[in-house]
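A.B. asks: Read off the chains here:
Number of protein chains: 2
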Amino acid sequence: MTMIWLNGEFLPADRPAILANDRGFTLGDGLFETIAVKAGVALRMEAHCRRLREGADFLGLPVPLDDQGLTDAVMGIVGANGLHDAAVRLTLTAGPAARGLPRPASLSPTLLLTVGTLPGELPPARLIIARRTYRNEKSPFSRLKVTSYLDGIIARNEALALGADDALLLNGNGHVAEATASNFFALIEGQWVTPPVADGALPGTMRASLLRSWNAVERSLLPADLDRATEMMLTTALGIRPVAGLIG
Amino acid sequence: MTMIWLNGEFLPADRPAILANDRGFTLGDGLFETIAVKAGVALRMEAHCRRLREGADFLGLPVPLDDQGLTDAVMGIVGANGLHDAAVRLTLTAGPAARGLPRPASLSPTLLLTVGTLPGELPPARLIIARRTYRNEKSPFSRLKVTSYLDGIIARNEALALGADDALLLNGNGHVAEATASNFFALIEGQWVTPPVADGALPGTMRASLLRSWNAVERSLLPADLDRATEMMLTTALGIRPVAGLIG
Numbered sequence: 015m016t017m018i019w020l021n022g023e024f025l026p027a028d029r030p031a032i033l034a035n036d037r038g039f040t041l042g043d044g045l046f047e048t049i050a051v052k053a054g055v056a057l058r059m060e061a062h063c064r065r066l067r068e069g070a071d072f073l074g075l076p077v078p079l080d081d082q083g084l085t086d087a088v089m090g091i092v093g094a095n096g097l098h099d100a101a102v103r104l105t106l107t108a109g110p111a112a113r114g115l116p117r118p119a120s121l122s123p124t125l126l127l128t129v130g131t132l133p134g135e136l137p138p139a140r141l142i143i144a145r146r147t148y149r150n151e152k153s154p155f156s157r158l159k160v161t162s163y164l165d166g167i168i169a170r171n172e173a174l175a176l177g178a179d180d181a182l183l184l185n186g187n188g189h190v191a192e193a194t195a196s197n198f199f200a201l202i203e204g205q206w207v208t209p210p211v212a213d214g215a216l217p218g219t220m221r222a223s224l225l226r227s228w229n230a231v232e233r234s235l236l237p238a239d240l241d242r243a244t245e246m247m248l249t250t251a252l253g254i255r256p257v258a259g260l261i262g
Numbered sequence: 015m016t017m018i019w020l021n022g023e024f025l026p027a028d029r030p031a032i033l034a035n036d037r038g039f040t041l042g043d044g045l046f047e048t049i050a051v052k053a054g055v056a057l058r059m060e061a062h063c064r065r066l067r068e069g070a071d072f073l074g075l076p077v078p079l080d081d082q083g084l085t086d087a088v089m090g091i092v093g094a095n096g097l098h099d100a101a102v103r104l105t106l107t108a109g110p111a112a113r114g115l116p117r118p119a120s121l122s123p124t125l126l127l128t129v130g131t132l133p134g135e136l137p138p139a140r141l142i143i144a145r146r147t148y149r150n151e152k153s154p155f156s157r158l159k160v161t162s163y164l165d166g167i168i169a170r171n172e173a174l175a176l177g178a179d180d181a182l183l184l185n186g187n188g189h190v191a192e193a194t195a196s197n198f199f200a201l202i203e204g205q206w207v208t209p210p211v212a213d214g215a216l217p218g219t220m221r222a223s224l225l226r227s228w229n230a231v232e233r234s235l236l237p238a239d240l241d242r243a244t245e246m247m248l249t250t251a252l253g254i255r256p257v258a259g260l261i262g
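Protein chains in written order, with my numbering: chain E, 15 to 262; chain Z, 15 to 262.
Read the hints as simulated data drawn from the structure, not as lab findings.
One or more of the hints may lead you astray.
[Said to hold, decoys possible] Reference excerpt, derived from the structure (chain E facing chain Z, CB under 8 Å, subset only): (1) ARG58; (2) GLY83; (3) ASN171.
[As the list claims (entries may be wrong)] One-sided excerpt, in silico: chain Z residues whose CB lies under 10 Å from chain E: (4) PHE155; (5) ASN171; (6) ILE202.
[Said to hold, decoys possible] Sample of chain E residues with no beta-carbon within 10 Å of chain Z, all distances over it, derived: (7) ALA34; (8) ASP36; (9) LEU73; (10) LEU126; (11) VAL160; (12) GLY204; (13) ALA212.
Glycine residues also receive a C-beta, built at the ideal position from the N, C-alpha and C atoms.
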């Protein structure tokens with residue numbers, strides 16, 4: 015039976031765990047991280063903890079554990095499910111509260127960890143440029159991994175409906191920001207390029223790692239610039255997926 | 015004991031009801047309505063049903079009940095709690111699913127109804143203009159009552175921290191869009207004015223009703239225009255709150 019970790023307790027995944035008045039459910043008042051665990055090691059955990067704390071600071075949410083405690087919880091839920099490799103999702107919300115926007119004076123945040131399988135090798139992704147929505151680079155939340163993913167959801171639906179695998183989201187200036195749930199890299203004239211955070215790219219943990227290891231640069235990209243790309247990649251904390259090309 | 019209504023069942027509100035993998039919780043893949051019930055009558059129910067269906071159509075979510083069924087559920091949860099007057103929140107999400115943005119082929123949407131008390135008479139609201147975030151009138155979701163309320167949450171926090179009661183959110187052009195969880199009306203030269211939906215105002219059910227009964231007009235408003243307002247009001251489905259003025 016799959017187990018989840020909720021505020022320090024291990025519980026079965028198939029039974030309700032969240033109160034109906036949890037602000038993560040009612041108002042999207044939350045953040046998350048998705049962490050790759052391989053051979054019993056949580057990858058880039060320090061970067062995940064740092065981003066979680068930056069987001070929690072901005073939202074005014076307390077993080078109930080220190081970094082070691084978060085790491086122990088990640089390894090705990092992986093172990094409780096008898097796994098060595100897993101995708102662990104860590105969700106932090108403002109917890110249960112009465113109706114209304116103001117948070118209660120005494121907050122009981124919800125910290126939830128769930129496990130999934132790491133994605134296997136995927137075929138190169140065929141992309142579209144999303145038309146139904148865009149990435150708002152002016153929102154403070156474009157820099158935080160908040161639980162509100164509707165832009166990504168409808169853009170992904172748009173891609174699937176057109177026979178593609180994923181969509182690139184443009185920002186308000188028409189620059190490429192990222193894909194629906196991954197960062198984007200293009201190899202242009204021998205140089206790896208990725209959109210800057212100021213263009214609406216989420217500051218991904220894998221992105222930060224590849225900026226160093228690929229000697230990549232942050233530069234604004236128009237869709238037309240991708241005609242000159244000799245390789246393109248989608249990157250998440252869980253891995254790297256090559257891009258076959260843009261369709262349509 | 016307070017009861018909730020979940021997918022046709024009455025359950026106690028103090029026990030977990032939502033699965034940890036509900037997309038409303040994990041991805042903000044949901045919509046809601048807040049309905050005033052007074053003396054056993056659900057007010058403006060037709061408008062709430064219409065807006066819910068418009069949002070569900072846009073998101074591609076099925077609504078599991080017809081309008082009569084939704085009304086019966088609203089009255090059912092009010093009655094189950096022994097109430098005649100209540101604020102009923104109706105939340106529709108894409109339901110439980112495995113990790114990832116694509117919805118499962120066979121969707122089991124979550125329909126949840128909860129009750130709260132109607133707000134009493136509140137003192138006139140002191141407002142600020144939110145600086146930490148803004149209302150993105152270009153997002154398709156500014157027209158839908160999606161569960162993602164982070165802009166409103168941090169703007170309300172900003173207001174409370176400054177000793178105000180609520181905040182007006184400007185849009186990307188610097189026009190007034192709405193308050194953090196209510197529409198905004200100003201009486202200017204004897205004419206009630208409210209920001210158009212194109213400026214980022216949620217198409218509120220009370221707003222629609224007041225546009226008719228107050229003979230109000232939709233017009234873009236700059237903060238400076240409010241200097242000429244002789245009265246201002248915040249309006250929600252639950253009621254109307256006068257504005258004392260802007261501070262700071």
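A.B. asks: Next step is simple, just say for each hint if it's right about the structure.
C.D. replies: Taking the hints in turn, this is what the structure says about them:
The interface hint given for ARG58 (chain E) is violated, since its Cβ lies 18 Å from the closest Cβ of chain Z, which is over the 8 Å cut-off. With a cut of 8 Å, the hint placing GLY83 (chain E) at the interface with chain Z is violated, because the nearest CB-to-CB distance is about 20 Å. Satisfaction of the interface hint for ASN171 (chain E) is found here, the shortest Cβ-Cβ separation to chain Z being roughly 6 Å, below the 8 Å cut-off. The beta carbon of PHE155 (chain Z) comes within 6 Å of a beta carbon in chain E, closer than 10 Å, and the hint placing it at the interface holds.
Interface restraint check: ASN171 (chain Z) against chain E, minimum CB-CB distance 6 Å, threshold 10 Å, status holds. Interface restraint check for ILE202 (chain Z): the shortest CB-CB distance to chain E comes to about 27 Å, outside 10 Å, so the restraint is violated. Chain Z draws ALA34 (chain E) into its interface by the beta-carbon criterion, the shortest separation being 5 Å against a cut-off of 10 Å. Distance check for ASP36 (chain E) against chain Z: the nearest CB is about 7 Å away, which does not clear 10 Å, and the non-interface claim fails.
With a cut of 10 Å on Cβ distances, LEU73 (chain E) falls inside the contact zone with chain Z, its closest approach being about 7 Å. Against chain Z, the non-interface label of LEU126 (chain E) is violated: not every CB pair exceeds 10 Å, the least being about 6 Å. Residue placement check: VAL160 (chain E) does not keep its beta carbon more than 10 Å from all beta carbons of chain Z (closest about 6 Å). Distance check for GLY204 (chain E) against chain Z: the nearest CB is about 32 Å away, which clears 10 Å, and the non-interface claim stands.
Every C-beta of chain Z lies more than 10 Å from that of ALA212 (chain E), the closest at about 16 Å, which supports listing it as non-interface.
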